[in-house]
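With chain P's structure known, arrange chain W on it following the hints.
So the sequences go chain by chain: P and W. Oh and the first sequence: position 217 is 217 in the working numbering, straight run, nothing missing. In the working numbering, each residue carries its 1-based index in the second sequence increased by 1000.
Read the hints as simulated data drawn from the structure, not as lab findings. For each residue, glycine too, the CB sits at the ideal point set by N, CA and C. Any given hint might turn out to be false.
If you want the footprint, here are the derived chain W segments under chain P, 3+ residues with CB under 8 Å [stated by the list, open to error]: (1) 1002-1016; (2) 1019-1031; (3) 1053-1062.
Chain residues, written in single-letter form:
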Amino acid sequence: MDIPYTVEARPDTGLYNAKVGIWLFLASEVMLFGALFSTYILLRVGAPEGFWPHGWLNIPVGTVNTLVLITSSITTVMAWASLKMNQFGRFKFFHACTLCLALTFVGIKSYEYHDKFMHYEITLKDGRIADGHLVKRTADQVVISGHYVEDRKELFDLRAGGPPHEHTEITIPQAQIKKMENYGPWHTTYLAIYFTLTGLHALHVIGGAIVIGFLWGPGSKLWKTDPDRFTNRIEISGLFWHFVDLVWIFLFPVLYLL
Amino acid sequence: MSLKAFHLVFITASSALAFGCGVWGLKNYWSANGTSLDVLFGLGSLLAGAGLILYERYFLKKLKNVSYL
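Next up, chain P with everything else stripped away, as it sits in the complex (with noise of 0.2 Å):
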């Protein structure tokens, strides 16, 4: 049985039916980041003076997967061009890098997501709280390597003027801890709306990711019996990855600068 329109344009919408089907699900998509979006700016406008955490998140790190990303656009739309001027090899050799700046795209995140669970702040039971990064836990003490504060304010505005603090290795015994929590995204609702948005970028990065393994590996085999089928594909699949990019450009302004 032959499908319909999957080359050809389908003539009351002017398009092939994959591309009117992806932009229907992109439509979808955003609605959901869309919900997403203004639930932070709601949550942000909402916090108390002085509690909305700025400087939380490594820029540099951010600007690195952020250039990750934009290379990885451009190596997609490159693919997809080498097949329109039939360069299968030069498409192997685009699609490829795509992968690898996807798969470098996670490793980065998931950096950047262990070290925050690897963040605590541990208030003792004389009020002080000391924050840092946890080096050794035992069954008697908690090693980390961090600074103490008095007022737990100082932690939400790393970018305020003022001394930064001096890291140092503490040994807090655990009979002197009345609470230890890590910087995950039970921690603050700035934790949990950062995860909830990154984390569902994430998944998206992964899926696309998956995708675009498919088409690389097993599924170009449809470029020998239907190249324009297959070329088709690879725009679709384009379509997506850049939609997941662009999450990412507004994301990161909004995450890491503001």
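For chain W alone, coordinates are given in the frame of chain P:
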């Protein structure tokens, strides 16, 4: 909208982000707590923005025969 058109939208958005980052970095540099890292970030971003515009022109030339639909 074809991948070509969406790519142009994406590169335009990316260059806008790069110029925005450039202004942000330089503004931070000239503030009271500015560091050399801020000026590096600002100038690097402005350069990246200009690079993306040049790339966009190259891309338009290379794919001039491909439809926007």
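Now the hints, each set against the structure:
no. : hint      : verdict
1   : 1002-1016 : holds (count 10)
2   : 1019-1031 : holds (count 3)
3   : 1053-1062 : holds (count 3)
Comparing the model with each earlier hint shows no violations; every hint is respected.
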